[in-house]
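Each protein sequence line maps, in turn, to chains A and B. If you count by our numbering, then the first sequence holds residues 1 to 369, one letter each, in order. If you count by our numbering, then the second sequence holds residues 370 to 948, one letter each, in order.
The set of hints was computed from the structure by calculation and includes no laboratory data. Treat the hints with care, as some may be off.
Stated by the list, open to error - Subject to a maximum C-alpha distance of 25 angstroms in a straight line, what follows is the list of computed DSS-like cross-link-like pairs (lysine-lysine):
#1 B:813 x A:153
#2 A:153 x B:804
#3 B:400 x A:153
#4 B:441 x B:383
#5 B:854 x B:511
#6 B:854 x A:153
#7 B:383 x B:511
#8 B:609 x B:400
#9 B:804 x B:854
#10 B:408 x A:153
#11 B:804 x B:511
#12 B:383 x B:400
#13 B:511 x B:441
Said to hold, decoys possible - Heads up, incomplete: computed chain A residues facing chain B, CB under 8 angstroms, no partners named:
#14 121
#15 125
#16 139
#17 354
For glycine and all other residues, C-beta sits at the position ideal for the given N, C-alpha and C.
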Amino acid sequence: MSDEKQDPGLPGDDGGELEAGKPHRVIGTPPPAAARTLLDPDPAAGSGGRTLLDPAARPGERAPARPETPEPDPDRARRAERKIAFFFLLSALASVGFIAAYIGMPVHTMGRVFHSNLALGSAMAVGFLSMAAGMVMWVRQLMPDVEEVEARKPVASAPEARQEFEQTFMEGAQASGFTKRPLLRRSLIVASVPLALAPIVLLRDMGPLPGTSLRHTVWRRGMRLLVYGSNRPIRPEDFSSPGGLITVVPDGYQDNDTELAKAAAIIIKLAPGQLQPPTNMSWTVQNIVCYSKICTHVGCPVALYEQTTHHILCPCHQSTFDATRGAQVTFGPAPRPLPQLPLMVDPEGYLAAAGDFNEPVGPSFWERG
Amino acid sequence: MTATDEELGQPAPKALTGVGGWLDDRFRGAKGVRSFLRKVFPDHWSFLLGEIALYSFIILLLTGTFLALFFKPSMTDVIYHGSYTHLDGVRMSEAYASTLNISFDVRGGLLMRQIHHWAADLFMAAMLIHMLRIFFTGAYRKPRDVNWLIGVVLITLGMLEGLFGYSLPDDLLSGTGIRILEGVILSIPVVGTYLSFFLFGGQFPGTDIIPRLYIIHVLLIPGLFLALIAAHLFIMFHQKHTQMPGKGHTDSNVVGQPMYPYFMVKTGAFFFFVFGVLALLSTVAQVNPIWLYGPYNPVSISAGSQPDFYMGFLEGTLRSFPSWTWDLAGHTVAWNVLIPALIPLGLLFTGMALWPFIERWATGDYSEHNVLDRPRNAPTRTAIGVAAITFYSIELMEGANDLIADHLDIPLYTVTWIARFAWFLGPAIAYFATKRICLGLQRKDRELLEHGLETGIIRQMPSGEFIEVERPVSEQTRAVLLSKKEPQLLPIAGAKDENGVPAPGTRGMAGRLRVTANRVISESIPLTSGNGHGGNGHGGNGHGPAEHAAVGAPAHSPEVQEGEDSGPALDEPVPGADS
Chain A
1 MSDEKQDPGL
11 PGDDGGELEA
21 GKPHRVIGTP
31 PPAAARTLLD
41 PDPAAGSGGR
51 TLLDPAARPG
61 ERAPARPETP
71 EPDPDRARRA
81 ERKIAFFFLL
91 SALASVGFIA
101 AYIGMPVHTM
111 GRVFHSNLAL
121 GSAMAVGFLS
131 MAAGMVMWVR
141 QLMPDVEEVE
151 ARKPVASAPE
161 ARQEFEQTFM
171 EGAQASGFTK
181 RPLLRRSLIV
191 ASVPLALAPI
201 VLLRDMGPLP
211 GTSLRHTVWR
221 RGMRLLVYGS
231 NRPIRPEDFS
241 SPGGLITVVP
251 DGYQDNDTEL
261 AKAAAIIIKL
271 APGQLQPPTN
281 MSWTVQNIVC
291 YSKICTHVGC
301 PVALYEQTTH
311 HILCPCHQST
321 FDATRGAQVT
331 FGPAPRPLPQ
341 LPLMVDPEGY
351 LAAAGDFNEP
361 VGPSFWERG
Chain B
370 MTATDEELGQ
380 PAPKALTGVG
390 GWLDDRFRGA
400 KGVRSFLRKV
410 FPDHWSFLLG
420 EIALYSFIIL
430 LLTGTFLALF
440 FKPSMTDVIY
450 HGSYTHLDGV
460 RMSEAYASTL
470 NISFDVRGGL
480 LMRQIHHWAA
490 DLFMAAMLIH
500 MLRIFFTGAY
510 RKPRDVNWLI
520 GVVLITLGML
530 EGLFGYSLPD
540 DLLSGTGIRI
550 LEGVILSIPV
560 VGTYLSFFLF
570 GGQFPGTDII
580 PRLYIIHVLL
590 IPGLFLALIA
600 AHLFIMFHQK
610 HTQMPGKGHT
620 DSNVVGQPMY
630 PYFMVKTGAF
640 FFFVFGVLAL
650 LSTVAQVNPI
660 WLYGPYNPVS
670 ISAGSQPDFY
680 MGFLEGTLRS
690 FPSWTWDLAG
700 HTVAWNVLIP
710 ALIPLGLLFT
720 GMALWPFIER
730 WATGDYSEHN
740 VLDRPRNAPT
750 RTAIGVAAIT
760 FYSIELMEGA
770 NDLIADHLDI
780 PLYTVTWIAR
790 FAWFLGPAIA
800 YFATKRICLG
810 LQRKDRELLE
820 HGLETGIIRQ
830 MPSGEFIEVE
840 RPVSEQTRAV
850 LLSKKEPQLL
860 PIAGAKDENG
870 VPAPGTRGMA
880 GRLRVTANRV
890 ISESIPLTSG
900 NGHGGNGHGG
910 NGHGPAEHAA
920 VGAPAHSPEV
930 QEGEDSGPAL
940 DEPVPGADS
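The whole structure should be built from the sequences, with the hints applied where relevant.
In structure tokens form, the structure reads like this:
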């Protein structure tokens with residue numbers, strides 16, 4: 001606000017008048033003390049020695065105030081005061097409204113929550129915004145528009161002060177004997193190292209060591225594939241024709257998120273002849289192939305399947321795998337095909353795993369090899 | 370309130386002297402508090418950006434405390450039978466169930482959740498934009514470089530705090546984010562698997578991650594935030610705020626309005642304004658509707674999964690990086706994850722942290738700065754900043770490549786390929802374009818300073834020639850234009866003084882590099898033409914040497930602008946033609 005208004009009141013003209021006449025001082029504003037005139041007399045001197053500023057505009061002489069602030073017109077001030085009061089009262093009203101809405105409006109259903117949120121939120125917004133509006137008007141319309149200049153001292157201490165500090169510091173160091181007693185110094189350092197190590201060691205029990213747990217899943221020979229969601233086993237005949245992607249989980253682990261995070265898989269039935277190497281044909285059953293659902297990039301579940309191209313897409317980072325060719329990567333950041341799960345049909349005719357994945361599923365890790 | 374002269378003479382009311390005296394008897398604060406009340410704050414709209422961040426943080430503390438009264442950071446399985454009937458009978462974690470409870474069964478709970486989430490987004494956005502303001506105006510220069518570093522740490526912490534916070538409800542969207550976090554941690558060579566197992570208490574997802582993220586989110590990081598924000602503000606206060614260039618604004622003063630009552634009321638109003646806007650947003654704009662996403666399980670996913678915007682950069686780098694991995698001696702190095710997750714953001718933040726020191730090294734400018742730069746007057750810095758913004762924005766957009774492909778009907782892979790090239794081309798183009806624009810604006814400034822504003826009034830001279838009457842710029846504008854500091858050229862690499870001693874800091878390889886950097890960073894259009902540097906500085910646009918000599922004469926401006934001094938004014942249309 002102050003920037004725009006700087007031009008009209010030519011400070012040079014009024015400054016003197018102000019100093020001479022009674023100053024329009026405001027509570028809290030300082031007198032034009034000597035400290036406030038300790039200013040660079042020519043601000044432009046740094047840029048090539050030109051004296052380009054009107055000397056009357058020097059900040060030191062402008063202090064303390066933007067002089068162009070006449071006594072506010074009493075009528076205008078009274079109007080402004082009424083406006084401000086209106087906003088403050090509106091804010092009070094809104095806050096009362098907030099409390100009323102809290103008491104009067106129950107929740108527990110979608111519709112009621114919607115209305116309660118609307119009422120509480122609007123009341124709160126009006127309460128805060130009108131408070132803000134009132135306060136801004138208060139500053140702009142009732143407070144005189146002052147501008148002050150405060151001197152800045154260089155940040156660095158005076159050389160003498162620094163010297164005194166150094167002296168004090170060295171005296172202390174001497175007195176402590178830290179510099180001249182190497183045994184003390186070195187043993188202190190030796191003591192502090194294990195001291196810092198201890199809290200790190202303390203974190204060891206935050207989790208078990210990985211071991212080979214990332215290399216295996218719970219899939220075993222004969223374990224049935226359950227359709228995720230319905231948890232029903234599935235027969236090869238249940239696929240009437242080649243079609244979409246079905247998510248399957250190992251029987252008995254359908255509610256175990258930690259095991260599912262590795263073991264989740266997808267099955268796709270393809271038309272005869274579509275499956276090609278490097279798909280392991282002996283692991284498929286009647287053109288049904290099963291791949292890990294966990295993306296080899298960073299572990300999102302692959303979920304999108306385009307039937308015409310047989311592309312499996314991971315929605316997180318768009319790694320794309322070819323379902324007909326052993327889920328080889330055709331695009332995106334995934335480095336490896338989705339591992340294939342060997343399938344068989346169990347004695348009762350349901351699809352089951354013929355064993356675990358023969359490689360670790362999911363994202364790369366150091367020990368993966 | 371305004372104070373009339375009569376009121377000024379009045380003593381302070383009894384209540385004030387009583388309480389004040391009681392306090393002063395114990396803490397001796399009269400002098401210190403008085404100078405605190407008098408403290409002058411410069412005014413500029415861009416100085417409010419940091420305040421937005423500060424107030425968002427306070428609002429986060431307030432709303433977060435409310436949410437913590439009801440939230441259960443537990444991954445125990447429960448079967449939901451609550452008010453949100455669409456999820457009746459669904460297995461979910463207690464964390465997710467309690468978030469549903471906050472949304473649908475606690476009055477004002479949904480509002481507080483939404484304000485908390487919006488405030489987090491605003492907090493990050495305000496910090497980032499505040500950081501850009503500091504960068505482009507050079508406010509990070511000595512003595513404020515340490516405060517700049519604190520700012521870099523605050524932004525980094527903000528990203529972590531936000532990520533951990535929005536993961537707490539254990540919904541499908543955020544759980545997928547945690548899964549990606551696990552993948553990123555696993556990719557760290559040697560220790561990655563161990564770090565992941567320690568963080569998750571075993572295999573992903575386990576049952577420990579939500580309680581652990583919770584305590585980090587509500588205690589550890591907010592504690593660090595409080596300490597660092599306090600330091601950030603104290604340093605700002607102690608060093609006094611920078612100011613924009615203007616009439617009477619120098620490196621050794623502060624021009625503005627005093628703390629009491631002006632700044633106090635204004636900043637109080639601003640707090641209410643920020644809170645009011647957040648309340649309004651949370652009333653009308655739904656954010657993070659976790660009930661629509663459903664509870665997390667590692668088997669499900671929804672398409673179009675985007676994180677909050679401040680993590681979008683990382684999402685973009687992960688999406689666009691190719692699938693490079695190494696299998697070496699039984700070990701896997703996942704460059705495809707490691708590089709995009711760590712390097713681009715690492716470069717950006719390390720570059721940010723080191724920039725004040727790199728710039729000081731290249732410019733040789735070790736002095737204290739309190740008046741801000743206009744971005745155009747530091748073309749290299751501005752160009753680097755815009756290049757960084759471009760880089761960030763490309764990754765942010767690539768983080769939504771599926772949505773871009775969907776909405777703009779561009780093949781998905783094409784979007785990614787464009788992003789892969791734009792990684793490199795975008796920042797380079799932005800750098801060169803910005804630098805040229807800055808230098809062009811400098812030329813325009815010089816024009817303004819030397820020739821004033823074109824009034825559009827054409828006057829015929831006695832000799833029959835026509836000239837355009839030009840009006841000198843206002844005092845304020847003039848002061849702003851003159852705030853430009855001419856860069857200091859370091860001596861040529863290996864140059865020796867009269868004693869045959871090479872100039873310090875320019876020796877050897879590092880010296881040559883430094884001088885080269887100095888030449889790049891010193892590229893500038895001098896404020897006054899004709900001082901020997903000017904002619905070749907702006908690429909042969911028709912200025913003759915004779916004209917420069919005349920224009921550079923010190924006392925000549927007012928006359929020229931009145932159009933009475935026919936000599937140099939005759940040439941005026943020529944420089945105007947190329948602008």
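Hints and how they fare:
1. B:813 x A:153: The given pair, whose Cα atoms are some 35 angstroms apart, is violated under the 25 angstroms limit.
2. A:153 x B:804: Not satisfied, since the Cα-Cα distance of roughly 35 angstroms exceeds 25 angstroms.
3. B:400 x A:153: holds (18 angstroms)
4. B:441 x B:383: Given that 25 angstroms is the threshold and the Cα spacing comes to 51 angstroms, the pair is violated.
5. B:854 x B:511: With a Cα-Cα distance of about 16 angstroms, the restraint between residue 854 of chain B and residue 511 of chain B holds, given a limit of 25 angstroms.
6. B:854 x A:153: holds (21 angstroms)
7. B:383 x B:511: violated (46 angstroms)
8. B:609 x B:400: holds (18 angstroms)
9. B:804 x B:854: OK: residue 804 of chain B and residue 854 of chain B at ~17 angstroms, within 25 angstroms.
10. B:408 x A:153: holds (14 angstroms)
11. B:804 x B:511: The given pair, whose Cα atoms are some 24 angstroms apart, holds under the 25 angstroms limit.
12. B:383 x B:400: holds (19 angstroms)
13. B:511 x B:441: Since the Cα atoms of residue 511 of chain B and residue 441 of chain B sit roughly 47 angstroms apart, the hinted pair is violated (cutoff 25 angstroms).
14. 121: With Cβ-Cβ at 3 angstroms, under 8 angstroms, it holds.
15. 125: holds (4 angstroms)
16. 139: Result: holds, 5 angstroms to nearest chain B Cβ.
17. 354: At 21 angstroms from the nearest chain B Cβ, residue 354 of chain A fails the 8 angstroms test, so the hint is violated.
In this structure, the earlier hints numbered 1, 2, 4, 7, 13 and 17 are contradicted, and the remaining ones agree with it.
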